[in-house]
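Participant: Position chain G relative to chain V; hints supplied.
Here are the chains, one letter per residue:
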Amino acid sequence: DAGVIQSPRHEVTEMGQEVTLRCKPISGHNSLFWYRQTMMRGLELLIYFNNNVPIDDSGMPEDRFSAKMPNASFSTLKIQPSEPRDSAVYFCASSLGRGGLREQYFGPGTRLTVT
Amino acid sequence: GESVGLHLPTLSVQEGDNSIINCAYSNSASDYFIWYKQESGKGPQFIIDIRSNMDKRQGQRVTVLLNKTVKHLSLQIAATQPGDSAVYFCAETGERGSTLGRLYFGRGTQLTVWP
Numbered sequence: 066d067a068g069v070i071q072s073p074r075h076e077v078t079e080m081g082q083e084v085t086l087r088c089k090p091i092s093g094h095n096s097l098f099w100y101r102q103t104m105m106r107g108l109e110l111l112i113y114f115n116n117n118v119p120i121d122d123s124g125m126p127e128d129r130f131s132a133k134m135p136n137a138s139f140s141t142l143k144i145q146p147s148e149p150r151d152s153a154v155y156f157c158a159s160s161l162g163r164g165g166l167r168e169q170y171f172g173p174g175t176r177l178t179v180t
Numbered sequence: 157g158e159s160v161g162l163h164l165p166t167l168s169v170q171e172g173d174n175s176i177i178n179c180a181y182s183n184s185a186s187d188y189f190i191w192y193k194q195e196s197g198k199g200p201q202f203i204i205d206i207r208s209n210m211d212k213r214q215g216q217r218v219t220v221l222l223n224k225t226v227k228h229l230s231l232q233i234a235a236t237q238p239g240d241s242a243v244y245f246c247a248e249t250g251e252r253g254s255t256l257g258r259l260y261f262g263r264g265t266q267l268t269v270w271p
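Chains as they are written, first to last, in this note's numbering: chain V, 66 to 180; chain G, 157 to 271.
Be careful, since some hints might not be right.
[As the list claims (entries may be wrong)] Incomplete in silico selection of chain G near chain V, CB under 7 Å: (1) Gly199; (2) Pro200; (3) Phe202; (4) Asp205; (5) Arg207; (6) Arg258; (7) Phe261.
[Said to hold, decoys possible] Over 12 Å on every C-beta distance to chain V, these chain G residues come out as not near it, computed from the model: (8) Gln170; (9) Ser182; (10) Lys224; (11) Thr225; (12) His228; (13) Asp240.
[What the hints assert, rightly or not] Label pairs and their computed distance ranges (CB to CB): (14) G:Met210 with V:Met80: 28 to 36 Å; (15) V:Met104 with G:Lys224: 25 to 33 Å; (16) G:Gln216 with V:Arg74: 38 to 46 Å; (17) G:Glu171 with V:Gln145: 46 to 54 Å; (18) G:Asn209 with V:Met104: 30 to 38 Å; (19) G:Asp173 with V:Asp122: 41 to 49 Å; (20) G:Gln237 with V:Ile70: 25 to 33 Å.
If you're looking for bench data, these hints aren't it; they were derived computationally from the structure.
All C-beta atoms in this analysis are idealised placements derived from N, C-alpha and C, irrespective of residue type, glycine included.
Next up, chain V with everything else stripped away, as it sits in the complex (with noise of 0.2 Å):
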């Protein structure tokens, strides 16, 4: 399995510019997650699909963030506009079965940059 996979690998961006970022999770899982990770603030769940379905976004931080799942193998986060507070790596995990009561496994992660 090629695991979760998480495109681009870097951006960068100027200030008010439109972002996605996407996401391809391990096959046949059916719980997927965004993470944001800052050095001032750790590992942060931005949010949780479960089945196609967001169940849980009390993660994002605003209305400029926005994650779609149309279907079970691809997601995407967007932000717009972007702001430099943005940048982070952003990262992707997938687990089978029910959200984090069993293993993510996560993806390499985007390096955002927002200049």
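Facilitator: Just chain G now, with coordinates in the frame of chain V:
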């Protein structure tokens, strides 16, 4: 509030020695705990997990101990190797209504192994 924290932000050990990484949690209802390893530039990687009905679980060179009385979790690595150098995170989850399925991560401990 809920929190998962680590006693020590850094740990340096000599190759061949045993390492012990500690973690405290605050939610007594947590029923599942996981240790992750994150190497530089990569996503977190699952190491070992333990459920609240257990006190100890062993893997290959790793042992996780759970003390529910004091809400403390530890990861022991036997015969530490240079390849073990990474940041180690503990995470916990449990039944919490609308937040069901979330993993709460600690801030991480940087383990450095010296030859």
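Participant: Failing hints, ascending?
Facilitator: 5, 14 and 16
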